[in-house]
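Engineer: Below, each chain spelled out in residue letters.
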Amino acid sequence: MPGPPLTLFGDQFSAHMSTDALKRALKRQAYLCRLEANASYFLQPENAGLFGPLHPFSRRANETYIFDAVMAGNSTRGASLVAAYHSERRTTIPLVVTKAVKTTGLWPFSIPAILARAHGNLGVAPGGQTARDQARVMTAEGIAAVL
Amino acid sequence: MIINVTGFLKKLTEILSTHHCTPASEMNFDETSIVVKGESLTTQRVIHASKGPANASLTCSSTVASLLTFAVASGSILISVYVLKAKFKEYGQSCVNFVVKPATRITHRSWPGYLCWTDNGFLNAQLFGRVLNLVAEKWEVRNARASPDTVWRPVLGSYEH
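Respectively, the protein sequence lines represent chains E and W. First residue of the first sequence? That's 1 in this note's numbering, and the numbers climb one at a time after it. First residue of the second sequence? That's 1001 in this note's numbering, and the numbers climb one at a time after it.
By construction, these hints were calculated from the structure, which means they are not laboratory data. Quick caveat, the model's predicted, so the values are computed rather than measured. Yeah, the Cβ is synthetic: ideal placement off N, Cα and C, and Gly gets one too. Be a bit skeptical, because a hint or two may be false.
Below, computed lysine to any residue pairings styled on SDA-like, alpha-carbon distance capped at 20 Å [to be verified]:
(1) W/K1010 x E/C33
(2) E/K102 x W/S1076
(3) E/K102 x E/H86
If you want the footprint, here are the derived chain W segments under chain E, 3+ residues with CB under 8 Å [unchecked claim]:
(4) 1012-1024
(5) 1029-1039
(6) 1063-1070
(7) 1121-1129
The following block holds chain W by itself, in its conformation from the complex (with noise of 0.2 Å):
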C-alpha cells in the first residue's frame, strides 16, 4: 500500500514539475450518499456495488440525494450535483414529482448546484462525462483560459484593417 502511495506520488510530481499549476486548478471531487437514518439525517460513503459493507447494517435507511462535490484548493466550490432518483420507463422518459423549495438564505458566498435523476440515485459513467464537461467549462470561464485561437485572434485582427 505505501509502494502505491509512493508511486502515485513520483507520477504526481512529475505533472507538477512539467505544468504550472496554481490552487486554482487544483481540484477534489467526491460523491457522498446523503441518507435518512432513523430520524436524522447522515452522510453515507458510496461504495462500489460488488463490495459489501463490512458489517450488517442494523438499521434501515433510505436516500436522499447523491452528492458530487467539486472542491477547488484554492478554498472555493466550483459546483455541486445532487443525483436523486427516479424510474425511468422506455424511451429514457419519466414523469417526477418534485417542487424545489425556498431554503434559507445563508450567505452571499454561493455555487451553482445541479439536480438531476438517475434510475438508482447514484452517479453513472455517462452522467459522470457530463458533469466533466461542465465543471471544464464553468473552469474555462472562472479562469479565463483562452484556446491559442481566441489569444491570437485579436492581435491579427489589428493587421487587417
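Extracted from the complex, chain E is given alone in its bound form (with noise of 0.2 Å):
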C-alpha cells in the first residue's frame, strides 16, 4: 500500500474495541493502537493538553451564550452547545495539540520521554547506579507502602 499507514492512537474504552469497529480499521488500513489501561492520562495527549484549557474557557463563554439565550427566551440547552463548540474552536490550535503530542513523547516518538512521564505519573522512580538514584527508589518504595 502506497502512502503511510494511519495510526490512531486511543484509550481502550469498551466502544472503541468492539469487533466492528477493527473490522472497518483493518479493511481501512489504519491502525488502532490501545494505550494502556490507566495510563491514558499522562500517555494521551488530547488528556495532557487539549482538553486542559477547554474547562477555564468553556466557563466563560457559557456565562455570555446563557445570558443571551435567557434574554431572548431560547433554550439555555442550546447556548451551552454552542458555547462548547465555540470553546472548542477558541482553544485548539495547533500549538497547543503540537506541544501536548510532543509532551507525551509520542510524536518526535522518544522512548525515555514517554518512560520518564510514566515513572513520575505513577510514582515509580527508574533504578541507576548512583546513590540519588538508590535514594530515589528507596523513597518511591517508602511513599508506595504507606499509600
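Two chains, each in its own frame: build the complex with the hints.
Structural biologist: Structure representation (C-alpha cells):
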C-alpha cells in the first residue's frame, strides 16, 4: 500500500474495542493503538494538553451564551452546546496540539520521554547506579507502602 | 504498570520502525463529556459504566454533549464529533427538537464538526465504527493516500492509445 499508514491512538474504552470497529479499521488499513489501561491520562495528548484549556474557557463562554439565551427566551441547553463549540474552536490551536503530542513523547517518538512520564505519574523511581537513584527508589517504595 | 507501558513501547517501536510514519499519519482520539455543573460548563472524563467514580458526586450535573476529537500529531484537528442524547422509539427513529445556532466567528482555521444522537448520549460501538470510516475517508482525501489501482491506472491508460 503506498503512502504512510494511519495510526490512531486511543484508550481502552469498550466502544473503541468492538469487533465492528476493528474490522472497519483493518479494511481501511488503519492501525488502532490501544494505550495501556490507567495510563491514558498521561500518555494521551488530548488528556495531557487539549482538554485542559477547554475547561476554564468554556466556563466563561457559557455565561455569555446563557445570558443571551435567557434574554432572548431561547433554550439554555442549546446555548451551552454553542458555548462548548465556541470554546473548542478557540482553545484547540495547532501550538497546543503539537505541544501536547511532544509532551507525551508520541511525536517525535521518544521512549525515554514516555518512560519518564510514566515513572513520574505513577510515582515509581527508575533504578540506577548512583546513590541518588537508590535514594529515589527507596523514597518511592516508602511512599507506595504508606499509600 | 511500568511493565505494561514498556510492552506497549516495544510494540509501538516495532510498528514505527517497519512503517513509514509521518506526523500527519499519527492521530489521537478521545472522548470527553461536556457537562453543566451548577451554573458553569465544564468537562468530565468518560468512565466505563461498570467503574463507579471514586467519590460520591455532591453536585448534580447534566451532560450537554459528548465530544470526540481526532487530533493529528502535525497540529491540526481532523474532525470533531458531538454526540447528543435522544430517546429513540421503535424502528430506531426519533423526533429531535434541535436548532443549529450561529456561534461567534473566531478564525479562518476550521475543521468539520459533526452532530449525532445516541440513546445514552455517549459513543457506542456501532457509531464509533461509522466515525472510523469517516475519519479514514477524510484522512485519505487530505493526505491523498492512493490505492494501487489509482496509481497505476493513469500510467496504464497512456499505453492504450
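Engineer: All hints are to be evaluated individually against the structure, with a verdict given for each.
Structural biologist: Against the structure, the hints:
1. W/K1010 x E/C33: Satisfied, since the Cα-Cα distance of roughly 12 Å is no more than 20 Å.
2. E/K102 x W/S1076: Within the cut-off at roughly 14 Å; holds.
3. E/K102 x E/H86: 26 Å, violated
4. 1012-1024: holds (count 10)
5. 1029-1039: holds (count 7)
6. 1063-1070: holds (count 5)
7. 1121-1129: Result for this restraint: holds, n = 8.
In summary, the one numbered hint that this structure violates is 3.
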